[in-house]
Amino acid sequence: MQLQDIAKVIRSKNAGPRCTTLDIMFNDDADYQRVKQGGAIDAALIARLYDTPEQDVKIIDYPMARALKIAIPRKVTAGDPGDRDVYGAQQHSRLFEVEV
Amino acid sequence: MSAPGRPKREFPLGGNGAQRPGGHMSATRRILDAFSQPGGRRPLRLLGASGQLGYGIPTPAFQAGLDRQPDLIGCDMGSIDIGPYYLGSGNMATARESTKRDLRKVLTAARRLDIPLVIGSAGSAGAAPHLQQTLELVREIAREQKLSFRLAWIPGDIPKDVVIEAIRAGGLTGIDGMPELAEADVENCANLVGQMGMTAFRRAFEAGVDVLIAGRACDTAIFSTLPVMLGFPVGLSVHMAKIIECASICCLPGGRDSILATLDDEGFTLESMAPQRRATPISVAAHSLYEQNDPYVIIEPEGRAELHNARYEQVDERRTRVSGATWVEAAEQTIKIEGSTRVGERAVLLCGAADPRFIERHEQILRDVSVVVRDLVCEDAEEDYQLYWRVYGMNGVTDRQPGDAVPAEVFLLIECIAPTTARASEVMRTMKQYLLHFGYEGRLSTGGNLAFAFTPPEVSVGTAYKFGVYHIMRTARMDELFPVTIEEL
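Those protein sequence lines, which keep their order, are chains U and P. Using numbering that gives the first Met the number 0, you'd call the opening residue of the first sequence number 0 and step up by one each time. Using numbering that gives the first Met the number 0, you'd call the opening residue of the second sequence number 0 and step up by one each time.
Bound-form chain U, shown alone (with noise of 0.2 Å):
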């Protein structure tokens, strides 16, 4: 099963100008176990996914919200030369087809 056939939501937006953060949630707690007990979702992930250092991915477990929160260093700093999306809005789709 892929996260997007068990989550609620999917998203992405900036947490500050240098921060891109990932939040999942889930209808229910057993969809929210399931997922955190098969454990596709961890550092090693998002960093391949993300091309980002392992060390510098944070996940955080928020259960009050059925909910996963990652944090990721943006590789520009939000509206820089350069940058691509400057709310941080569009980064989550890639997250979509993993499987768990």
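Simulated from the structure, these hints should not be mistaken for laboratory data. Keep in mind that the hints are not guaranteed to be accurate.
[Claimed, not checked] Among the chain P residues that face chain U by a calculated CB cut under 7 Å, a handful are:
| id | residue |
| --- | --- |
| 1 | G82 |
| 2 | I281 |
| 3 | A284 |
| 4 | A285 |
| 5 | E290 |
| 6 | Q291 |
| 7 | N292 |
| 8 | V342 |
| 9 | L365 |
| 10 | R366 |
| 11 | Q385 |
| 12 | Y387 |
| 13 | R389 |
| 14 | M393 |
| 15 | V396 |
In this text, a Cβ means the ideal position worked out from N, Cα and C, and glycines have one as well.
Once you've looked at the hints, dock chain P against the given chain U.
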């Protein structure tokens, strides 16, 4: 910061602002006095009118909020998320007319109810020109609507010498890997602001005000300052403020409609003023994820709210009660500072292509043409510009992944940043002509490589900026920052 042409007085004022000239007590003084009476404490109702004042405040929900007799109306007006342009240029992100409409709506309502109106991060980025434009609108509305009130304003600008001193004292820390600052980086900022917190707002409230317009500010301070002054727990006040500053975004479905929070000593209850929006425990808890890199902590100049023990409980279908946030006072106050630096003048070329041979070879073609352009425009001048291209359909937004399909059409956004508008335009026009007619290997279509939706396809789009400063500052001169000015309208 100055507001030319208007009489103003520096805080503190004689009389502590208790009485307005007409014998009227200021809105903040009134509620502070009421709560200080024996038996005067009661739950506090705060109306989050808008998370982005100037983009429209839906009237039905706002009106429903007013019908609930709130004790304060608050609106956030800005953010760093919109990028460095607005901070650098001094321009507002919102249109003047819609900004004025929103301001009129909240001003007339707050004066009618005689409650404080609090607006933070004035004019999108909260620097002097933004605050000035916002104040001009407020004065204009006061004249047109014949409103009389006690206005306080607080500039969010940080004097450059304060930052330079902080650099020398080792008091500056880059956020999320921002590089160390040289003094020249500070000097080069077009505008430099700091996010003021509850301490600055409190000074204004103590002076007695009806309306407070703050420059760059923590969005939380808009809503948390008054309850903290009234003795409500700081952690709860900050947690509540962080949620309602975004209006009904925390609801299901999320939206921009006004939201009401009712705060007591044990927790707060959230209710959207739009009937279709439900504040559910999950939707409210999920809001802590939004634009935050840690959903468990809200960091303020004065300390941090910790949400590890926060509880979200359903009251009914549309309301959720929140409790459990705690507050950890900082040993020393710090200020988040933001500076925007001019990079140059920007021109762009907008064009498309639908030739599979061009699309297949576009990377090489663009590189080759940029060399041709450089050789031409630098024949008698320095290579003083930067050239960027984004090929939508290929990698305009994200890097290509293995297996991505090759599109039938692409859109090219080509950008030049140069010292002057004329230079950027020269580079862009040359790029247009040589890219249009570049004879790449394998080319069949000798009529032209590009499709233009209109001409001219190259446009000057103004000054380009970048964030030069995004740091945490410790300073011994904290007390000098964010002075309050009172103005009677």
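Open item on the list: I'd like to know which numbered hints this structure contradicts. Please list them from smallest to largest.
Closed with: Violated: hints 9, 10 and 14.
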